[in-house]
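Novice: Chains as they are written, first to last, in the working numbering: chain A, 2 to 494; chain B, 2 to 494.
Watch out, some of these pointers could steer you wrong.
[To be verified] For lysine to any residue, the following SDA-like pairs were computed, each having C-alpha atoms within a straight-line distance of at most 25 angstroms:
| id | chain 1 | residue 1 | chain 2 | residue 2 |
| --- | --- | --- | --- | --- |
| 1 | B | LYS193 | A | TYR94 |
| 2 | B | LYS79 | A | PRO430 |
| 3 | A | LYS79 | B | PHE433 |
| 4 | A | LYS407 | B | SER382 |
[Claimed, not checked] Simulated DEER-style distance windows between Cβ atoms:
| id | chain 1 | residue 1 | chain 2 | residue 2 | range |
| --- | --- | --- | --- | --- | --- |
| 5 | A | LYS182 | B | LYS333 | 28 to 38 angstroms |
| 6 | B | THR399 | A | GLU214 | 34 to 44 angstroms |
| 7 | B | ASN16 | A | GLU214 | 53 to 63 angstroms |
Source of the hints: derived by calculation from the structure; they are not laboratory data. Only a predicted model underlies this, so the values are computations on that prediction, with no experimental measurement involved. All C-beta atoms in this analysis are idealised placements derived from N, C-alpha and C, irrespective of residue type, glycine included.
Protein chains: 2
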Amino acid sequence: MSIFNFALLNCKHKNMTRITVAKGDGIGPEIMDVTLAIIQAAGARIAIDEIEIGEKVYLSGNTSGIAPESWETIRKNKIFLKAPITTPQGGGYKSLNVTTRKFLGLYANVRPCVSLHPFVSTKHPEMDIVIVRENEEDLYAGIEHQQTDEVVQCLKLISRPGCEKIVRYAFEYAKQQNRRKVTCFTKDNIMKQTDGLFHQVFDEIAKEYPEIENEHWIIDIGAAKMADTPEAFDVIVMPNLYGDVLSDVAAQITGSVGLAGSANIGETCAMFEAIHGSAPRRAGQNVANPSGLLQGAIMMLNHIGQTDVAENVQNAWLKTLEDGIHTYDIYKEGTSKQRVGTREFAEAVIANLGQKPAIFKAVSYAGNTALNLPKYVRKPSAQKTLAGVDVFVHWSGTNPDELAEKIPPLAGDGNALTMITNRGIKVWPEGFQETFCTDHWRCRFKPVGSNQVTPASVVEILQRAIASGVDVIKTENLYEFDGKAAYSLGQGQ
Amino acid sequence: MSIFNFALLNCKHKNMTRITVAKGDGIGPEIMDVTLAIIQAAGARIAIDEIEIGEKVYLSGNTSGIAPESWETIRKNKIFLKAPITTPQGGGYKSLNVTTRKFLGLYANVRPCVSLHPFVSTKHPEMDIVIVRENEEDLYAGIEHQQTDEVVQCLKLISRPGCEKIVRYAFEYAKQQNRRKVTCFTKDNIMKQTDGLFHQVFDEIAKEYPEIENEHWIIDIGAAKMADTPEAFDVIVMPNLYGDVLSDVAAQITGSVGLAGSANIGETCAMFEAIHGSAPRRAGQNVANPSGLLQGAIMMLNHIGQTDVAENVQNAWLKTLEDGIHTYDIYKEGTSKQRVGTREFAEAVIANLGQKPAIFKAVSYAGNTALNLPKYVRKPSAQKTLAGVDVFVHWSGTNPDELAEKIPPLAGDGNALTMITNRGIKVWPEGFQETFCTDHWRCRFKPVGSNQVTPASVVEILQRAIASGVDVIKTENLYEFDGKAAYSLGQGQ
Numbered sequence: 002m003s004i005f006n007f008a009l010l011n012c013k014h015k016n017m018t019r020i021t022v023a024k025g026d027g028i029g030p031e032i033m034d035v036t037l038a039i040i041q042a043a044g045a046r047i048a049i050d051e052i053e054i055g056e057k058v059y060l061s062g063n064t065s066g067i068a069p070e071s072w073e074t075i076r077k078n079k080i081f082l083k084a085p086i087t088t089p090q091g092g093g094y095k096s097l098n099v100t101t102r103k104f105l106g107l108y109a110n111v112r113p114c115v116s117l118h119p120f121v122s123t124k125h126p127e128m129d130i131v132i133v134r135e136n137e138e139d140l141y142a143g144i145e146h147q148q149t150d151e152v153v154q155c156l157k158l159i160s161r162p163g164c165e166k167i168v169r170y171a172f173e174y175a176k177q178q179n180r181r182k183v184t185c186f187t188k189d190n191i192m193k194q195t196d197g198l199f200h201q202v203f204d205e206i207a208k209e210y211p212e213i214e215n216e217h218w219i220i221d222i223g224a225a226k227m228a229d230t231p232e233a234f235d236v237i238v239m240p241n242l243y244g245d246v247l248s249d250v251a252a253q254i255t256g257s258v259g260l261a262g263s264a265n266i267g268e269t270c271a272m273f274e275a276i277h278g279s280a281p282r283r284a285g286q287n288v289a290n291p292s293g294l295l296q297g298a299i300m301m302l303n304h305i306g307q308t309d310v311a312e313n314v315q316n317a318w319l320k321t322l323e324d325g326i327h328t329y330d331i332y333k334e335g336t337s338k339q340r341v342g343t344r345e346f347a348e349a350v351i352a353n354l355g356q357k358p359a360i361f362k363a364v365s366y367a368g369n370t371a372l373n374l375p376k377y378v379r380k381p382s383a384q385k386t387l388a389g390v391d392v393f394v395h396w397s398g399t400n401p402d403e404l405a406e407k408i409p410p411l412a413g414d415g416n417a418l419t420m421i422t423n424r425g426i427k428v429w430p431e432g433f434q435e436t437f438c439t440d441h442w443r444c445r446f447k448p449v450g451s452n453q454v455t456p457a458s459v460v461e462i463l464q465r466a467i468a469s470g471v472d473v474i475k476t477e478n479l480y481e482f483d484g485k486a487a488y489s490l491g492q493g494q
Numbered sequence: 002m003s004i005f006n007f008a009l010l011n012c013k014h015k016n017m018t019r020i021t022v023a024k025g026d027g028i029g030p031e032i033m034d035v036t037l038a039i040i041q042a043a044g045a046r047i048a049i050d051e052i053e054i055g056e057k058v059y060l061s062g063n064t065s066g067i068a069p070e071s072w073e074t075i076r077k078n079k080i081f082l083k084a085p086i087t088t089p090q091g092g093g094y095k096s097l098n099v100t101t102r103k104f105l106g107l108y109a110n111v112r113p114c115v116s117l118h119p120f121v122s123t124k125h126p127e128m129d130i131v132i133v134r135e136n137e138e139d140l141y142a143g144i145e146h147q148q149t150d151e152v153v154q155c156l157k158l159i160s161r162p163g164c165e166k167i168v169r170y171a172f173e174y175a176k177q178q179n180r181r182k183v184t185c186f187t188k189d190n191i192m193k194q195t196d197g198l199f200h201q202v203f204d205e206i207a208k209e210y211p212e213i214e215n216e217h218w219i220i221d222i223g224a225a226k227m228a229d230t231p232e233a234f235d236v237i238v239m240p241n242l243y244g245d246v247l248s249d250v251a252a253q254i255t256g257s258v259g260l261a262g263s264a265n266i267g268e269t270c271a272m273f274e275a276i277h278g279s280a281p282r283r284a285g286q287n288v289a290n291p292s293g294l295l296q297g298a299i300m301m302l303n304h305i306g307q308t309d310v311a312e313n314v315q316n317a318w319l320k321t322l323e324d325g326i327h328t329y330d331i332y333k334e335g336t337s338k339q340r341v342g343t344r345e346f347a348e349a350v351i352a353n354l355g356q357k358p359a360i361f362k363a364v365s366y367a368g369n370t371a372l373n374l375p376k377y378v379r380k381p382s383a384q385k386t387l388a389g390v391d392v393f394v395h396w397s398g399t400n401p402d403e404l405a406e407k408i409p410p411l412a413g414d415g416n417a418l419t420m421i422t423n424r425g426i427k428v429w430p431e432g433f434q435e436t437f438c439t440d441h442w443r444c445r446f447k448p449v450g451s452n453q454v455t456p457a458s459v460v461e462i463l464q465r466a467i468a469s470g471v472d473v474i475k476t477e478n479l480y481e482f483d484g485k486a487a488y489s490l491g492q493g494q
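Chain A on its own, in the form it takes in the complex (with noise of 0.2 angstroms):
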């Protein structure tokens, strides 16, 4: 067992990169010794700082589960590799994952999703794509508000430098890893200013990478076709919901969801870990497979642009796999030859070094440099006008035209209201008596003739509302950005 134990010297060699490692709970530690110990012998250059994370810290009472000096560590490092760690139940415990992603930056969630027929079972046997989840904004911004007895909101998000990263990176990826082509997917039919705007970076981005082929799908048909035929993908980039429930379905599909590794990428930092969980009932019996988070190690190798290790040991995995070499999670008559633990597992993929796969295609990525992915440059300001109001109001009535009464006093002069509409749709002037109303009433003000709406006229109706016993509970300012509209107009205007 001598090949596991120099994994933890801190190496001083030229052109190492100094990374954070957190060896986690359950079988953490087994499969993160092995781990070092398989891209150590494959040539990493790394050093290594190491720090305690998980189960022991919540339990000593710190509710975030890292002390503060690892936090230090992990700022200082910016690359950070992390075993499963084991979140103790009851209340109060802070999800580190959703903390280090949100704290750090992390926009780009990657998540490598690989058939590796015929010795993991699944029925789409090709498969093999790359999901690319923006990770930072989107419905998971958190915002949520009741604001009538019926109706809840929640604030879907979408920045213009949050898309840029994501697509950027993606490009990049695909690039590093001589992919052939990026898939977007969005709902911008519906959705035509957020997720038209994710689809319109995508173009603009695009064009930077000729190389690379690059095709949008609406969600929901592209996310049939990937469910049905995933050969037909390869980098598939999206926005964070969609990328969320959809990297699931691709990991699951491939049937090799515990053998697979996923990457958060920052602008400074990044953390690199195995999708499966700690997985307490198995830890310290040496059977755990460390093919989740080796495969979260080499994707930390081409991040730092180590991408000839990250060839040798990914090379070397696919050809263990293949010659039959499983752990009890994948082991099967048949198909497997010898049933091994985790040592001696992680020893078949170091005796295969410097081999390449036969029936597995061999990956070739080896003299790619790291992405280049520069921090986002604001661009210039737009115009900005302000163009009318949306004043959303709480009334338990169900007519409008009732509604319609009491609200065109509010505008003043100069401003007139135009529109009402109840989840969307217009309900005045003119609309259907089948519509179903809740509580929750948008009336749209706008300015009349050549009249200019201020802040001043946005304040001036929410007093006249006030005087008027009118329930407002919230606004959302009409603009114009360089002369174009930029709010939509309301359903069956």
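Dock chain B against chain A, hints included.
Specialist: Same frame as chain A, now just chain B:
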């Protein structure tokens, strides 16, 4: 062909349901004629008013594709069986389906997704699920605003009546169709208030149907399971966006999209159709498969309580498929016995009326009554108290501490700035410098001590913002309902 000639007779027996029929474009007229012939041969107690919609109406200059008097017929009869239509190329033509759904308040989209193995190829031979999708609210309310250079917003609205109606529909449908389980998919671990409401209402209504199993899955894991092992599910009910994506996934992986029908159900009106389009290139050749529209018609018969007729037609259709009598689209050597045209297929179904399939499982719901879908009754109001306000600001700085110097004076006496977030993440007080910030900031004001915040306080904050040159783009009031906070905390708060 005489059996097809009585299809459009307006029968005048008692217990007749008068329905509106549109034969549509392309293959529409052929498949509608045989569909009506089949259900009438099975004893459907319907009388028919035919209207014209679609291409001819669009091209006559009516951008909505339907004449006002046809709308009146639909609204009067309330039950609408619709063949596929062709929307002409070019701008300005409004989607008739979207308009119909929105204006008629068709809150439920129902999509049975059934494998027809071995007659239709699929990787999921055991699949038999029904997706019940909320159809009016969620992000598809289409309320979008861009208010800063960098950030665009879409509102996700989830309402209690919307949730109650769709969940009740799912259970009523399951009960009528003798289905064993209703599953709910949400993302309420992240969207605790919006998706949380959907899940809560699901749990409430499930209690009224103790004979039907119920369960909830987080959407990402649920979608993965559904795509991999759809036979684990039966009826699945979901908010709009999830249902849009997953109903396409489910339909696709059956392999039978071309043979599927769907229903759109409202409180007063309902529309039934095939999922597929008008296939103009196949029109007029007696080759089209009428199964999709026939499935829509069977859903219609169940909806209006003619479950005996629906069961008879469905079993005859299944028997015809397993007899190997197939139209060109599913004909294949080995499993098919006879390649037939549209009319011959319909004749075979009619000849099989009264018989049951032997390979497929026969359906059995004759004798079950129409669905019990009471009109939504508004709940009593809760005690609503204003607890603060989120003021959103467009600011192009990058250091939250600078903003935190400008904003506190806006609070005035009795209120205070308690938090600033950027895309939901707390950046003040005690932010992390790695957190990436856009130009879109949320400033939360709350009362100090026992002070009571009022709508006037909100107006005063806005007035001070104007005076100090702070660019307020929107507000969201914070409320308590019956003393319970009804707004989310900041991430990291």
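Novice: None of the hints should be skipped; say for each whether it holds.
Specialist: Results of checking the hints against the structure:
Using a Cα cut-off of 25 angstroms, the hinted pair B:LYS193 and A:TYR94 holds, with the two alpha carbons roughly 17 angstroms apart. For a cut-off of 25 angstroms, the pair hint linking B:LYS79 to A:PRO430 stands: about 24 angstroms separates their Cα positions. Straight-line distance between C-alpha atoms of A:LYS79 and B:PHE433 comes to about 14 angstroms, which keeps the hinted pair within the 25 angstroms bound. Taking the CA atoms of A:LYS407 and B:SER382, the gap is near 21 angstroms; set against the 25 angstroms cutoff, the hint holds.
Between A:LYS182 and B:LYS333 the C-beta distance comes to about 31 angstroms, which sits within the given range of 28 to 38 angstroms. Roughly 36 angstroms separates the CB atoms of B:THR399 and A:GLU214, a value that falls within the hinted 34 to 44 angstroms. The supplied range of 53 to 63 angstroms is met by B:ASN16 and A:GLU214, whose beta-carbon atoms lie about 60 angstroms from each other.
In this structure, every one of the numbered hints holds.
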